[in-house]
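Engineer: One line per chain: the protein sequences are A and B, in this order. For the first sequence, position 57 (counting from the first letter as 1) is numbered 57 according to this note's numbering, and the numbering increases by one without interruption. For the second sequence, position 55 (counting from the first letter as 1) is numbered 55 according to this note's numbering, and the numbering increases by one without interruption.
Since the hints were made in silico from the structure, they are not lab data. We put the beta carbon where it would ideally sit given N, CA and C, even for glycine. It is possible that some hints are incorrect.
A short list of chain A residues far from chain B (calculated; beta carbon distances all over 10 Å) [stated by the list, open to error]: (1) Ile12; (2) Thr14; (3) Arg15; (4) Thr20; (5) Arg22; (6) Gly28; (7) Asp62; (8) Arg63; (9) Phe69; (10) Pro70; (11) Asn77; (12) Ala80; (13) Leu81; (14) Ser96; (15) Val114.
Label pairs and their calculated CB-CB ranges [what the hints assert, rightly or not]: (16) A:Gly58 <-> B:Lys5: 15 to 25 Å; (17) B:Ser28 <-> A:Thr14: 41 to 51 Å; (18) A:Leu82 <-> B:Ile53: 38 to 48 Å; (19) B:Ser74 <-> A:Lys52: 36 to 46 Å; (20) B:Arg17 <-> A:Thr14: 40 to 50 Å.
Stretches of chain B that chain A covers, calculated by requiring three or more beta carbons in the stretch to come under 8 Å of a beta carbon on chain A [to be verified]: (21) 29 to 42; (22) 54 to 65.
Given next are the chains, with one letter for each unit.
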Amino acid sequence: DAGVTQSPTHLIKTRGQHVTLRCSPISGHKSVSWYQQVLGQGPQFIFQYYEKEERGRGNFPDRFSARQFPNYSSELNVNALLLGDSALYLCASSFSTSGGTDTQYFGPGTRLTVL
Amino acid sequence: DQQVKQNSPSLSVQEGRISILNCDYTNSMFDYFLWYKKYPAEGPTFLISISSIKDKNEDGRFTVFLNKSAKHLSLHIVPSQPGDSAVYFCAASNRGSTLGRLYFGRGTQLTVWP
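The shape of chain A in the complex, shown without the other chains:
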């Protein structure tokens, strides 16, 4: 079975630009979460979507937005990029958001570099 897939693998942008990252969850998983990991730290929660609705948002500015599509894939958008947005962006999928199987399975990530 295919795991969580993310595209692109690497991305280089300049300050002020916009970026879109994509994620496809494990088949049958309806929840997608996004995390940001900067060097030397653990992943930080950005968003969670379940059944195409936003369930929660971490402490990130409004420049960050996301959406989930009918096939449960998801996009993370970041506007007006800053140097500090350089990080590994991780997508995780799970069957649900609470109860049942809560384990989140991660994709390989997208490495974003902002110059």
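Assemble chain B onto chain A, guided by the hints.
Structural biologist: This is chain B only, laid out in the frame that chain A set:
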């Protein structure tokens, strides 16, 4: 606020011996705990989890112990193998919340040498 803490940034262990990775948490609402392993240039890989109704969970060479009164958990790897060399993240969540957010520690770099 760092609600999950891994105070040892690195650990070095000889092959065949036991590796013990530690994790502390501050939020008493956390009731589900997970360990992930991460190799460079890859996403975190789920390793093992434990619910707060248990104090031990075992899966092959990996055992997680939970001490709720101390808000402490540990991952034991026995015997350690060179392929276990990776960064290990401890994560916690509140399953009673409708938001399945994971809180991660900063990670511990485990090096297993021959």
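Engineer: Is the claim that A:Ala80 lies outside the interface with chain B correct, judged by CB distances over 10 Å?
Structural biologist: holds (25 Å)
Engineer: Over 10 Å to the closest beta carbon of chain B is the bar; see if A:Arg22 clears it.
Structural biologist: holds (14 Å)
Engineer: Taking the Cβ atom of A:Gly58 and the Cβ atom of B:Lys5, is their distance within the range 15 to 25 Å?
Structural biologist: Distance hint for A:Gly58, B:Lys5 holds at roughly 18 Å.
Engineer: Minimum Cβ separation between A:Phe69 and chain B greater than 10 Å?
Structural biologist: Its Cβ never comes within 10 Å of chain B, the nearest being 19 Å, so this holds.
Engineer: Looking at A:Leu81 again, its CB stays over 10 Å from all of chain B?
Structural biologist: holds (22 Å)
Engineer: Any Cβ of chain B at or closer than 10 Å to A:Arg63, or is the non-interface label fine?
Structural biologist: The claim stands: A:Arg63 keeps its Cβ more than 10 Å from every Cβ of chain B (closest is about 20 Å).
Engineer: A range of 40 to 50 Å was offered for this pair. Does it hold for the Cβ distance of B:Arg17 and A:Thr14?
Structural biologist: holds (48 Å)
Engineer: Decide, holds or violated, for the assertion that all CB atoms of chain B are farther than 10 Å from the CB of A:Ser96.
Structural biologist: violated (7 Å)
Engineer: Can you tell me if the region 29 to 42 of chain B counts as covered by chain A, using C-beta to C-beta distances under 8 Å and a minimum of three residues?
Structural biologist: holds (count 5)
Engineer: Taking the minimum C-beta separation from A:Gly28 to chain B, is that value above 10 Å?
Structural biologist: holds (16 Å)
Engineer: Does the claim that A:Asp62 lies outside the interface with chain B hold up, using a Cβ gap greater than 10 Å?
Structural biologist: Answer for A:Asp62: holds, closest chain B Cβ roughly 19 Å.
Engineer: Is it correct that the beta-carbon of A:Thr20 has no partner in chain B closer than or equal to 10 Å?
Structural biologist: With a cut-off of 10 Å, A:Thr20 remains clear of chain B, as the shortest Cβ separation is near 19 Å.
Hints 14, 22, counting from the list given before, are not met by this structure.
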